[in-house]
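> The primary structure of each chain is shown beneath.
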Amino acid sequence: MKQFISVNDVNDINALAAKALAYKANPLVDARLGANKRIGLLFLNPSLRTRLSTQIAAKNLGMEAIVFNVDKEGWALEFEEGAIMSGNTVEHIKDAGPILGQYFDILCIRTFPSLKNREDDYSEMFINQFIKYAGVPVVSLESATLHPLQSLTDIVTIKEQLLATPLNKKPKIVLTWAPHIKPLPQCVANSFAQWVNAWSEAEFVITHPQDYELAEQFTKGATITHDQDAALKDADFVYVKNWSTYSDYGKVYENDPGWMLTEEKLKATNNARVMHCLPVRRNVELSDEVLDSPHSLVTKQAGNRVWAAQAVLSELLKA
Amino acid sequence: MKQFISVNDVNDINALAAKALAYKANPLVDARLGANKRIGLLFLNPSLRTRLSTQIAAKNLGMEAIVFNVDKEGWALEFEEGAIMSGNTVEHIKDAGPILGQYFDILCIRTFPSLKNREDDYSEMFINQFIKYAGVPVVSLESATLHPLQSLTDIVTIKEQLLATPLNKKPKIVLTWAPHIKPLPQCVANSFAQWVNAWSEAEFVITHPQDYELAEQFTKGATITHDQDAALKDADFVYVKNWSTYSDYGKVYENDPGWMLTEEKLKATNNARVMHCLPVRRNVELSDEVLDSPHSLVTKQAGNRVWAAQAVLSELLKA
Amino acid sequence: MKQFISVNDVNDINALAAKALAYKANPLVDARLGANKRIGLLFLNPSLRTRLSTQIAAKNLGMEAIVFNVDKEGWALEFEEGAIMSGNTVEHIKDAGPILGQYFDILCIRTFPSLKNREDDYSEMFINQFIKYAGVPVVSLESATLHPLQSLTDIVTIKEQLLATPLNKKPKIVLTWAPHIKPLPQCVANSFAQWVNAWSEAEFVITHPQDYELAEQFTKGATITHDQDAALKDADFVYVKNWSTYSDYGKVYENDPGWMLTEEKLKATNNARVMHCLPVRRNVELSDEVLDSPHSLVTKQAGNRVWAAQAVLSELLKA
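So the protein lines, in turn, are chains A, B and C.
According to the working numbering, the first sequence is numbered sequentially starting from 1.
According to the working numbering, the second sequence is numbered sequentially starting from 1.
According to the working numbering, the third sequence is numbered sequentially starting from 1.
The hints are simulated quantities; they were obtained by calculation from the structure and are not laboratory data.
Take these hints with a grain of salt, some might be off.
[Unchecked claim] Simulated crosslink set (DSSO-like; lysine-lysine; CA at most 27 Å straight-line):
#1 K300/B - K24/B
#2 K72/C - K300/B
#3 K169/B - K233/B
#4 K318/A - K37/B
#5 K182/A - K72/B
#6 K132/A - K318/A
#7 K37/A - K37/C
#8 K37/B - K37/C
#9 K24/A - K300/A
#10 K170/B - K233/B
#11 K24/C - K300/C
#12 K132/B - K300/A
#13 K132/A - K24/C
#14 K159/B - K265/B
#15 K37/A - K300/C
#16 K37/A - K265/C
#17 K19/A - K37/B
#18 K300/A - K72/B
#19 K300/A - K94/B
#20 K37/C - K318/B
#21 K2/B - K220/B
#22 K24/A - K132/B
#23 K24/C - K318/A
Let the sequences and hints guide you as you build the complete structure.
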């Protein structure tokens, strides 16, 4: 593995997920693999799970991890080629990137979309410029359109469940839109769709209100419906997530609380386990009764973030 | 020890203080005790001494310490059960707590009172919810009403002085209110009162202007007077601290500079040593002449924060 | 070495630069030198290179490095003797300094000038008060008027070039003012001038528009001219930097883009290599064509920050 930006950087999803579960069973088995290696965790946006889990994963591999909140501890970076920097940006990625690449063996970066201009966000200029200039392997801690460490965790969590309680058929996985009060990125949903499609070991259904379609480049292969009830029928896993509109980009049209997942709705499923990347707006996206029920995998899922990150860093260190 | 939230978590104050002084004499004697253990230091409010001393204490025990400024690096947490999260809070402690408990072996948290609603603050909902959901030992880095790491340090500092210069009687300890420009929590004063009362090896007097009483649950056992001069007479230790009003909660009624401790006032004492938790507003709470005199223990006291924290973490690791 | 605040703390510049280059060749040769020593990196202002390079240098020497953003994680410090602290400052350096000195073996601090009052800034009260009260060796991570870790790096980078491509004469080094959109400190330019003059192995020319003179205490010994073209003639190294006015203090009078260094201007030089401390405003201070050309040393220069810091910390540890 040369970098970890999307599922396209992964040769064998099942092998990578198995590696994550092996680290879960034995966190310190490779405690010397990253000795004298340094990883930089750069945040242009806030983070809880992603930061802590990646930091812990790095330490488990013996790496020195340094967190740098670029937005708060540093200054605004410029990503546009040829910019005349007479505005608010203080340093160009063309200068910062190669220097960070000298300081660190692996660089991880989180950078959110603006949600103002779809073409800009979907060009992934920020992370692409970062990769172009860093000169060392780059790991996405969530970019404008994708969140691959989350998605690998999601596959790991599903596989872990299937190993404990095998099904005699392909699992039915449903990604359902949920209400929220603010316009959110499409990253987690895009990325989950991309990974489940690439994994191809599930029946995969996406359900959302009209006007909330995701980018076809990520969803292609999934069944897409606006009928949540039909989608949930016989589901084995329900992944709940809000995202903002894609066509008329970055808007919140609809906040129909009817889309919130409830225990009542779960009755149509095959005793489905419920997933969410967190943070979750309780009683807006998901009801307390679901989150506090045995159906919920969200705590296990978040715990698995460590092992997914550790598997990825391990692959990069071995490359 | 299962947690460290108040003096009620301590079996033997003298033994714990002795342990702290033993670490002061030999900081690295237990440098392997916390190997492969991870401690999370979570701040919902700013900190200097508490953060650095706890971080250093953890490292002295071989633990990996990770600082996370929840308010600045993360987002606002919700603590209310059943909340419909359509407001400013982004993540519920019911979700964040168990995840942090998976990531860390010990969790430390600082959370200040609102000073708006006394019942809410004194219910200690934030730290109690945190304890309820974390599932691992929790250490208070100051909560809405108490600051036990500070108070243990205070006892350690007093004992250290008494060991160096024994008295032929119980020491007289006076906690005196001091002026300040802003409404401050009652935590340090409450907690000091709670610990000195539980320790029960001193004559303990609290003095403050009318309307500045503290919660009786913590002060019970102490002599309380509004006459500062009478209180200071023959004192061996004078603990200086401002706090805001308790009954008409969180107000500053009075800023009589006459309550500022001066060298002149110290003449009535038994050559008393002067303590303060810091930060201190010089020439408002305490005069330069006192702080810069040999009477002042404040630097030694702050230095002892490391050893108090190390004793507590050591007990938690051994439990 | 007892501290590192300016070139005056250095006995032998060449020996220190050689030590830095030796660490570049073998970063971990002294990996145990700082075992069980702790270094505090205190920032009153933001930083990227200085923070990361010093943190990495400390780790390479086996020290435990703790970063503390005083302005963001803590509170405002008071530096004025005798202050009545009824304003915005929360803690006096007289109290914070000795405590930090108890917590750390070496203290590093960054504190910018106000650019409002020249006498205040040039008195270097902040860092001097810090040194006075810390009681342990202090390293400047940039102070009101100087930036010695940058300047040592600059000398290291020049020497490295001269070792690779020796000249048959003293190198001609030109420090040239560049346009910027905001008033910047004079630190980097002052400090570079102070070091090059102390090093005394170069022909040293400073060029800037009228009214942009630097403090004579640092420039004395250099040739100073307002004619940039004349200055650049036959230059071997061109150091580009903006600074604000000194006499009518802290102003931006002039933004003549004619002062921006371009490839065209470099033609008059002896194929000069171009330096800048970064961050650089591209196409304001320096054109893309220069920064992206083989003339530019800025990435190498920034990389050398690690080795310069490591040489300094090593000297302090050995003292």
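> Decide, hint by hint, whether the structure agrees.
Comparing the hints with the structure gives:
1. K300/B - K24/B: holds (11 Å)
2. K72/C - K300/B: holds (26 Å)
3. K169/B - K233/B: holds (15 Å)
4. K318/A - K37/B: Judged against 27 Å, a Cα distance of about 26 Å means the pair holds.
5. K182/A - K72/B: Holds. K182/A to K72/B sits at ~20 Å (cutoff 27 Å).
6. K132/A - K318/A: Cα-Cα ~21 Å, so holds.
7. K37/A - K37/C: holds (21 Å)
8. K37/B - K37/C: holds (21 Å)
9. K24/A - K300/A: holds (11 Å)
10. K170/B - K233/B: Distance of about 15 Å is within 27 Å: holds.
11. K24/C - K300/C: holds (11 Å)
12. K132/B - K300/A: holds (18 Å)
13. K132/A - K24/C: Distance of about 25 Å is within 27 Å: holds.
14. K159/B - K265/B: holds (24 Å)
15. K37/A - K300/C: The given pair, whose Cα atoms are some 20 Å apart, holds under the 27 Å limit.
16. K37/A - K265/C: violated (42 Å)
17. K19/A - K37/B: holds (23 Å)
18. K300/A - K72/B: holds (26 Å)
19. K300/A - K94/B: Roughly 13 Å between the alpha carbons, so the hint for K300/A and K94/B holds.
20. K37/C - K318/B: holds (26 Å)
21. K2/B - K220/B: holds (26 Å)
22. K24/A - K132/B: Holds, because 25 Å separates the two Cα atoms, which is no more than 27 Å.
23. K24/C - K318/A: holds (25 Å)
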